[in-house]
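Asker: Produce the entire structure from the sequences given, and follow the hints as far as they go.
The listed protein sequences correspond, in order, to chains B and A.
Here the first sequence is numbered in the numbering used here, starting from 1 and rising by one per residue.
Here the second sequence is numbered in the numbering used here, starting from 1 and rising by one per residue.
Don't read these hints as lab results, they were simulated from the structure.
It is possible that part of the hints are untrue.
Unchecked claim - Derived EDC-like pairs: lysine to aspartate or glutamate, alpha-carbon spacing no greater than 16 Å straight-line:
hint	chain 1	residue 1	chain 2	residue 2
1	A	91	A	205
2	A	91	A	31
3	B	204	B	232
4	B	236	A	181
5	B	236	A	160
6	A	198	A	80
The structure presented is a predicted model; accordingly, all values stated were derived computationally and were not measured.
Now for the letters of each chain:
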Amino acid sequence: MSVAIDTWIIVADDAAVGGLIEFGRLRAAKLVAVVAGRKSVADEVAAAGVDRVIWLGQPPEGTPVEAFAPEVARLVGEGLPRVVLGPDTTAGRALLGAVAVRCGGPVFTRVSALDLEGDRVVLTRSLFSGIAECRESVDGGPAILALPSGGQVSATGTPTPVEQVEARPMTIALVVDRRSDEGVAVDLPSAPVVVGVGRGLKTKADLTLIEELATALGAEVGCSRPLAEGVDWMPKDRYIGISGQHISPRLYMAVGISGQLQHMFGVRDAEVIVAVNSDADAPIFSECDYGLVGDLYRIVPALVAALTAVR
Amino acid sequence: MRVVALYKWAPNPQDAQVDPDGIVDWRRAAEALSEYDPVAFELARSFADLTGAEVIGVTAGGSAASSSLARKTVLSRGIDRLVLVADDRLKTADSTTLAAVLAALIRRLGQVDLVLAGVSSVDVNEGQVSMTLAAHLGWIGLGGVRALEATDQGLRVERDVPGGSETLALAGGAVLTTVADAAVPRRAGMRDILAAAKKPVDLVELDDLDVPVAQVVVSRAATSRPDNARRQHVVVEASEPAAAAAQVISALRQRNVL
Ligand SMILES: Cc1cc2nc3c(=O)[nH]c(=O)nc-3n(C[C@H](O)[C@H](O)[C@H](O)COP(=O)(O)OP(=O)(O)OC[C@H]3O[C@@H](n4cnc5c(N)ncnc54)[C@H](O)[C@@H]3O)c2cc1C
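Answerer: This is the structure:
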C-alpha cells in the first residue's frame, strides 16, 4: 500500500456531503473542505470529521453558489491537492468546471474507485451511461471528481475551526425570488422495495393501479424520467436512472418501462429485478431476473391478487 | 442580442455494441441530434422571437457533425446559423478540452449575450461541458433552467433547484442548461427543412483556434464491460396473467425478497 494523499472537498452550500467525505476518507492523509455558501453549512461540515475547513464567507443576499466558481478555482489552484471531490449536481459541476479550467484537466464523473498505484492516482469509472468501464491514471495535476454527494453528515467529536478567507463572488446573477416545493420528499434510495412505472401507463389516473401494487408489496413508487420530466405525472424526486435516483432495493418491479440504459443505470444495484412489459423485445427483459410479457392492465391486478391471496 | 445554442451530434449508447473487453463499437449506432438539445433550441427560439435576437448553433464534434444531414437537422429547428468545428480528433476529447474549443468558437463570434444548452448529451452524458464552458468564458454557469425572459434590466431566469425553484435576475454573460421538460421542441416541417439549406454555416478548422494545452495527463490503462450475468433472465409469456403472476410472486417469496 502506498502513501495517502491530500484531498479537497468542494461544498456547494449544501452540507449533505457524507458520501464525499466517506469517499475521501478512504485514501486521504488530509481532508480539506472548501465551503461556498452559508456559515451554517461550513459549521456542519466542520463537525463532520474533516481536517480543515476553508469558508468563502457569507454570500451577499441573493448570491447563487455558482457565483463562487472563480474563487473556489483560485483556492484549489493555490492549494494544489492531488484529489478534488465535489457534488455531481449542476451547482457542483459549475464549481468543479472552474477548478478544471484552472488546473487544466477534466472533471471525471461516475467514478466507482480511486486507487493509488505507487505515486499515481488511478480511477475506475463507467463510460457512456454505463455500457463500459475503464481504469485511468491521472498525472500532472489533480484528479477532479464529481460524485453523488450522498447524504447527511454525522457529527464526530470536536469540530475543526472554520477558517474564513476573503472571497468575491461574481455579481452577474441575483436570486430575486425562491419557492419551496410542496409535498413530502421521498427517500427512494433507502426503500427496500420499489415499483417503477413508465410510459406504458396510458393515463395519469391509472397511477391508482400502480399504487395498489405498491401497497400490496409494501413498496415506494418511482418512475422513468418521462413521467416526471415530460408528462409531469410524478414528482421529480421519484424518477430513477443515471440522471435521477440511484436505488438499491431488495426488489425493483418495473412496469411499462422499456429499460433504456439511462434508466437501468439507476437500478443496477437492485438485488432482484422484475419486469412487466407488453413487448417481448423490450431491452428490460435482458436485464431482469423475472419478466412477464403482457399487458400491464391485466398483469398488475393479477400481481395484486397473488400478493393478497391467503397463502 | 445574440444567443448561442450548444448542441451535439452524437450516437446513442443504447445502440452500441460492447465486446467483453469493454471496447465500444459505435458502427451500428447512428449519430443524431442529442435528445435534449432541441429543448434548448426551443427556449432560445421563443426568446429570440420576442426580443429580435439571433440564435447561433455552435458545436465541437467529429467530422460527422458537418454532414448535410447534421446541418439540416439543426438549422430546421429554429437556429439561424451555425458555427462549428468538425474534427475527428475531438471524438475522444474530454469535457475541459471540448469546452475550451467551444469557448474559442464563441469568442470568435464577438458579442454574445447568452449560451443555452441541453442538460447533458446522449453519448457521454456527464452534463459537464456547458458548466466548464462557463468557466472558460469567465461567465456564470447555471443549471435547471425552465424559462427565460428579457426585462428592462437584463434577463429573468426561472430555474429548478433542489427542493424548489427560484427566479434570478441576470446582468451579464451566463451559460444556462435547461431541464428536459422546459419546452416542447418543434417538429421540423418541409418549409423549415428547405429554409435550412440556405442558412449560413461557418466551418472552422480546429488548428485555427487557440485552445490551451491540457496540464493533466490521463492514460487509459484498461477497459471492461460491466457484467449482468448475475440476473436470472426468467421471462415468461403471461397469456394467463393469474398463473404467471402467482408463479413470479412465489419465486420472489422463495428468494426472500418479499
Ligand atoms: C442523457 C439522457 C439521460 C437520461 N436519463 C434518464 C434517467 O435518469 N432515467 C430515465 O428513466 N430515463 C432517462 N433518459 C431517457 C431514457 O433514454 C428513456 O427515454 C426513458 O427511460 C424511457 O422511459 P419509459 O421506459 O417509461 O418509456 P418508453 O421507452 O416509451 O417505454 C414504454 C414501455 O412500455 C411498454 N408498454 C406500452 N404499453 C404497455 C402495456 N399496456 N403493458 C405493458 N407494457 C406496455 C412498451 O412496450 C415500452 O417498452 C435519459 C435520456 C438521455 C438522452
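Asker: Against each hint, give a clear statement of whether it holds in the structure.
Answerer: Evaluated hints:
no. : hint            : in the structure
1   : A:91 <-> A:205  : 15 Å, holds
2   : A:91 <-> A:31   : 12 Å, holds
3   : B:204 <-> B:232 : 9 Å, holds
4   : B:236 <-> A:181 : 11 Å, holds
5   : B:236 <-> A:160 : 10 Å, holds
6   : A:198 <-> A:80  : 10 Å, holds
Checked against the numbered hints listed earlier, the structure breaks none of them; every hint is satisfied.
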